[in-house]
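Undergrad: Numbered according to the working numbering, the sequence shown spans residues 87 to 461.
Hints were generated in silico from the structure; no laboratory data involved. One should not assume that every hint holds.
As the list claims (entries may be wrong) - Now the in silico label distances, taken between C-beta atoms and shown as ranges:
| id | residue 1 | residue 2 | range |
| --- | --- | --- | --- |
| 1 | A241 | D129 | 45 to 51 angstroms |
| 2 | P147 | L248 | 43 to 49 angstroms |
| 3 | R217 | R438 | 36 to 42 angstroms |
| 4 | T174 | E382 | 56 to 62 angstroms |
| 5 | M271 | R438 | 37 to 43 angstroms |
| 6 | D249 | P276 | 27 to 33 angstroms |
Glycine residues also receive a C-beta, built at the ideal position from the N, C-alpha and C atoms.
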Amino acid sequence: MMNDHDDLILLTGATGFLGSAVAAELIRQRQGARLLLMVRGADTASAHARVIAQLRCLQVPEEELLRLRPSQILLASLERVEAIAGDTRLARVGVAIHCAAHASFANHPAVGALNVDASVILAHLLQRYARLRRFIYIGTAMACGSRQPVGSDIAENAALPLDECEHLVPYTHSKAVCELLLAKMAPALPLVVLRPSIIVGHTRLGCVPSASIYWVFRAWRALGASVAELRQKIDVVPVDWCAAAIAAAALRPQWEHGLLHLSAGEERSCSFADIDSELACADGEPPGAYGILPLERLPELLPRIRERLPDCSPRLMLRALRLYGGFARLGYTFSNRAMQEADIPPPPPLTRYIGLCAASVAHQPVSQQMVWDFK
Numbered sequence: 087m088m089n090d091h092d093d094l095i096l097l098t099g100a101t102g103f104l105g106s107a108v109a110a111e112l113i114r115q116r117q118g119a120r121l122l123l124m125v126r127g128a129d130t131a132s133a134h135a136r137v138i139a140q141l142r143c144l145q146v147p148e149e150e151l152l153r154l155r156p157s158q159i160l161l162a163s164l165e166r167v168e169a170i171a172g173d174t175r176l177a178r179v180g181v182a183i184h185c186a187a188h189a190s191f192a193n194h195p196a197v198g199a200l201n202v203d204a205s206v207i208l209a210h211l212l213q214r215y216a217r218l219r220r221f222i223y224i225g226t227a228m229a230c231g232s233r234q235p236v237g238s239d240i241a242e243n244a245a246l247p248l249d250e251c252e253h254l255v256p257y258t259h260s261k262a263v264c265e266l267l268l269a270k271m272a273p274a275l276p277l278v279v280l281r282p283s284i285i286v287g288h289t290r291l292g293c294v295p296s297a298s299i300y301w302v303f304r305a306w307r308a309l310g311a312s313v314a315e316l317r318q319k320i321d322v323v324p325v326d327w328c329a330a331a332i333a334a335a336a337l338r339p340q341w342e343h344g345l346l347h348l349s350a351g352e353e354r355s356c357s358f359a360d361i362d363s364e365l366a367c368a369d370g371e372p373p374g375a376y377g378i379l380p381l382e383r384l385p386e387l388l389p390r391i392r393e394r395l396p397d398c399s400p401r402l403m404l405r406a407l408r409l410y411g412g413f414a415r416l417g418y419t420f421s422n423r424a425m426q427e428a429d430i431p432p433p434p435p436l437t438r439y440i441g442l443c444a445a446s447v448a449h450q451p452v453s454q455q456m457v458w459d460f461k
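Kindly produce the complete structure, drawing on both the sequences and the hints.
TA: Written as structure tokens, this is what we have:
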């Protein structure tokens with residue numbers, strides 16, 4: 087029988103924003119030799135090279151990168167996850183961390199197939215071939231949907247809305263559906279669901295690993311407009327803090343919590359006014375003067391987009407502002423009582439490190455940063 091120190095940790099999504107941060111955190115905690123990384127690629131060598139390149143962006147020491155071997159790559163994609171069936175390394179897997187997903191907020195036809203169907207297949211395969219102590223599924227706090235009153239503090243509730251019309255984007259709907267199916271179709275699965283809130287930046291590296299979502303704050307500031315009241319709060323966490331919380335759920339010998347929000351919560355969520363103040367300080371400018379627009383009036387910003395964000399496609403930017411504005415105007419925070427009970431330290435507020443985010447990608451046009459979210 088394997089003990090907790092010689093089994094393998096299967097990680098999916100190791101070349102993505104959150105998955106690579108989880109890999110970096112596990113390496114930092116001297117667990118690199120236990121990693122088995124499911125990565126897509128033409129061959130093992132190219133998949134291994136992609137992982138190394140992403141971890142290098144996270145400043146994982148070179149000596150640690152040299153220890154990460156091609157033999158630790160499980161060559162497969164979510165589209166063809168069945169390819170891992172029968173791989174002898176699965177018999178040594180004790181913990182699985184499923185980060186991989188189609189995370190774009192674009193209306194992509196593959197969202198359901200990848201985020202739901204493939205995830206359920208992966209769970210069944212691991213039940214069959216591995217000796218799982220824990221299957222950690224990375225969901226999203228916004229799986230709660232969009233029907234709660236504005237400004238709600240959302241409880242850690244296993245019941246999620248499954249009607250697509252209750253979600254702003256297919257991504258959050260897919261995450262809600264997958265949670266339900268994992269619980270229903272694989273009842274013996276040792277399931278742990280972690281729901282991060284909005285992940286923006288890194289507390290040491292700013293937006294170097296990814297400018298995902300950060301550019302939205304920059305765009306609103308450039309346009310002098312918002313769809314959310316400046317007093318409203320937004321629940322944001324940094325990727326390295328989130329990775330450390332996931333690593334804690336993976337590595338602790340005893341874990342009693344089946345569902346947690348990984349969130350700033352009411353106490354550490356920041357208002358849009360405070361975020362703008364920090365961005366203004368980073369730019370050496372005064373805080374912005376914002377016009378508050380309802381979503382239906384966003385097309386009025388098209389001339390301003392062409393003038394102030396000339397590198398961006400006006401239509402794509404308008405679509406993005408409508409999409410992210412829909413989330414921003416909800417003003418949700420996410421209760422993290424279970425996280426506190428699990429002795430996971432609270433995250434730093436976004437205002438503490440957003441100046442670093444701004445400085446780290448000041449040279450990049452907004453259009454380049456948007457690529458992270460519209461692939």
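Undergrad: For each hint, tell me whether it holds in the structure or not.
TA: Checked hints:
{"no.": "1", "hint": "A241 - D129: 45 to 51 angstroms", "result": "46 angstroms, holds"}
{"no.": "2", "hint": "P147 - L248: 43 to 49 angstroms", "result": "44 angstroms, holds"}
{"no.": "3", "hint": "R217 - R438: 36 to 42 angstroms", "result": "41 angstroms, holds"}
{"no.": "4", "hint": "T174 - E382: 56 to 62 angstroms", "result": "57 angstroms, holds"}
{"no.": "5", "hint": "M271 - R438: 37 to 43 angstroms", "result": "41 angstroms, holds"}
{"no.": "6", "hint": "D249 - P276: 27 to 33 angstroms", "result": "29 angstroms, holds"}
Of the numbered hints given earlier, the model fails none.
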